[in-house]
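J.: Protein chains in written order, with my numbering: chain P, 254 to 363; chain D, 222 to 340.
Derived from the structure by calculation, the hints contain no laboratory data.
Quick reminder that beta carbons are idealized off the backbone N, C-alpha and C, glycines included.
Where hints are given, some of them may not hold.
Straight-line alpha carbon distances no greater than 30 Å define the calculated DSS-like cross-link-like pairs of lysine-lysine that follow [what the hints assert, rightly or not]:
1. D/Lys284 - P/Lys359
2. D/Lys240 - P/Lys299
3. D/Lys233 - P/Lys299
4. P/Lys299 - D/Lys244
5. D/Lys233 - D/Lys284
6. D/Lys240 - D/Lys284
7. P/Lys299 - P/Lys359
8. D/Lys244 - D/Lys233
9. P/Lys299 - D/Lys284
Computed beta-carbon distance windows for the label pairs [said to hold, decoys possible]:
10. P/Thr361 - D/Thr295: 35 to 45 Å
11. D/Asn251 - P/Thr266: 45 to 55 Å
12. P/Pro267 - D/Pro235: 39 to 49 Å
Chain P stretches covered by chain D per the calculated footprint, using a threshold of three residues with CB under 8 Å from any CB of chain D [what the hints assert, rightly or not]:
13. 293-300
14. 304-310
15. 322-332
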Amino acid sequence: QSVLTQPPSASGTPGQRVTISCSGSSSNIGSNNVYWYQQLPGTAPKLLIYRNDERPSGVPDRFSGSKSGTSASLAISGLRSEDEADYYCAAWDDSLSGRVFGGGTKLTVL
Amino acid sequence: QVQLVQSGAEVKKPGASVKVSCKASGSSFNNYDINWVRQATGQGLEWMGWVSPNSDHTGYAQKFQGRVTMTRDTSVNTAYMELSSLRSEDTAVYYCATSVDVLTGHDSWGQGTLVTVSS
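For reference, chain D alone in the conformation it holds in the complex (with noise of 0.2 Å):
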């Protein structure tokens, strides 16, 4: 089963952007689309988009179309999320996770990153 390592906490102003990573390890990462969601505190679960293993193919919620960039470098097994024009509202956790496995039904997740945007 693929583990997921995501990178650490980020503080951002208002207006910039930040760039999460979500490393891979063990083995098939390259057999799954990655999926991002965040979560404001106490809030619920937000899908933001999902990559597949190519880069070839991305799909965005409508809410964040024309912010938000996904992409994977599969050399290094690594998924990007990058989300722009930073404001409050956009501070949560923030997770990556794999397509559930038509076989076994596993998917994994990340252990999130804390973006908070303050000025």
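With the rest of the complex left out, here is chain P (with noise of 0.2 Å):
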């Protein structure tokens, strides 16, 4: 069982706005900043969002993050085909000394 909690699925069609949970404790997203990667199969995490909100460059803008006390959320718009991948949230947590990961939710573009 993960640290963070993540919904398993979610799901959209081309051009809606989809918005993934992940929710944490006090020694974890209350405390750091929460990171956001998108994984397609076959292949190495992406790096999405970093420090809640910021986006490295050539993350497309549809991608956002944020973060409310113990919560955080990653929103994309516009949602296209090429959206359909595995995200994961993931923060420092002071308890354990280490990074913990979301268990991960699988999107899917209907």
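The task is to assemble the complex, starting from two chains supplied on their own in separate frames and drawing on the hints.
T.: Pasting the structure below:
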């Protein structure tokens, strides 16, 4: 069982806006930055969001992150078929002195 | 940006050890910590630990403490992860990744190394 909790699946149609949640605690999300990764089948994860809501250059502005208290969210607007992938949140956990990941959310574009 | 190339797939017997390498090319390898993350087939990402640029600091997930050693050789721009006392549950793809560059927001990942533990 993962320290950070994500819904196992999400879906949307092309053009829609989809949100993926990530729930943690005061020792991780509540006191540290949140990161979001996209993983396409058979490939290494790709960083989408760092420091809660910042996008690395090259990541489309359709992807946005937010954090409130001990929860975080990834929003994808203007959904495209190529967004179909697994998405993971991550944060440092002060109690565990280590990085923790969510269990991942499989996004399906219908 | 740093490019990371990992060593090839390994097949090990239970109880053995495996050492995975992660060679960097490009600039600034020594500016970043290296993290190791693994992923069993069909499962999520699991953080294993990190090693500082000069190997003077490491941090391991509690689950792996006593079984994992992470090192770096700056002379050849390579990081290593050695996992001992292998069991079948250690069968997974192992990734190395740089820490996130606070200025650019980028990180780099290796292509992954499949380690299969089977008798």
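J.: Next step is simple, just say for each hint if it's right about the structure.
T.: Against the structure, the hints:
Under the criterion of a C-alpha separation no larger than 30 Å, the hint pairing D/Lys284 with P/Lys359 is consistent with the structure, at around 26 Å. Between D/Lys240 and P/Lys299, the direct Cα distance comes to roughly 24 Å. Compliance with the 30 Å bound is thereby established for this hinted pair. The suggested pairing of D/Lys233 with P/Lys299 holds, with an alpha-carbon distance near 29 Å, which does not exceed 30 Å. Under the criterion of a C-alpha separation no larger than 30 Å, the hint pairing P/Lys299 with D/Lys244 is consistent with the structure, at around 19 Å.
Of the supplied pair hints, the one linking D/Lys233 and D/Lys284 holds, its CA atoms being roughly 20 Å apart against a limit of 30 Å. Distance restraint check for D/Lys240 and D/Lys284: the Cα-Cα separation of roughly 18 Å lies within the 30 Å cut-off, and the hinted pair is therefore satisfied. Of the pairs offered as hints, the one joining P/Lys299 and P/Lys359 holds, with about 15 Å between alpha carbons and a cut-off of 30 Å not exceeded. With a C-alpha separation of about 22 Å, the suggested pairing of D/Lys244 with D/Lys233 holds against the 30 Å cut-off.
Taking the CA atoms of P/Lys299 and D/Lys284, the gap is about 25 Å. The hint holds against a cut of 30 Å. Taking the beta carbon of each, P/Thr361 and D/Thr295 are about 44 Å apart, inside 35 to 45 Å as hinted. A beta carbon spacing of about 46 Å between D/Asn251 and P/Thr266 agrees with the range 45 to 55 Å that was offered as a hint. Roughly 47 Å separates the CB atoms of P/Pro267 and D/Pro235, a value that falls within the hinted 39 to 49 Å.
Check result for the region 293-300 of chain P against chain D: holds, 4 residues qualifying (beta carbon to beta carbon below 8 Å, three or more required). Restraint check on the region 304-310 of chain P versus chain D: 5 residues with Cβ-Cβ distances below 8 Å, three needed, restraint holds. Only residues whose beta carbon comes within less than 8 Å of a beta carbon in chain D count, and the region 322-332 of chain P has 0; fewer than three means the coverage is violated.
When each numbered hint is compared with the structure, a violation occurs for hint 15 only.
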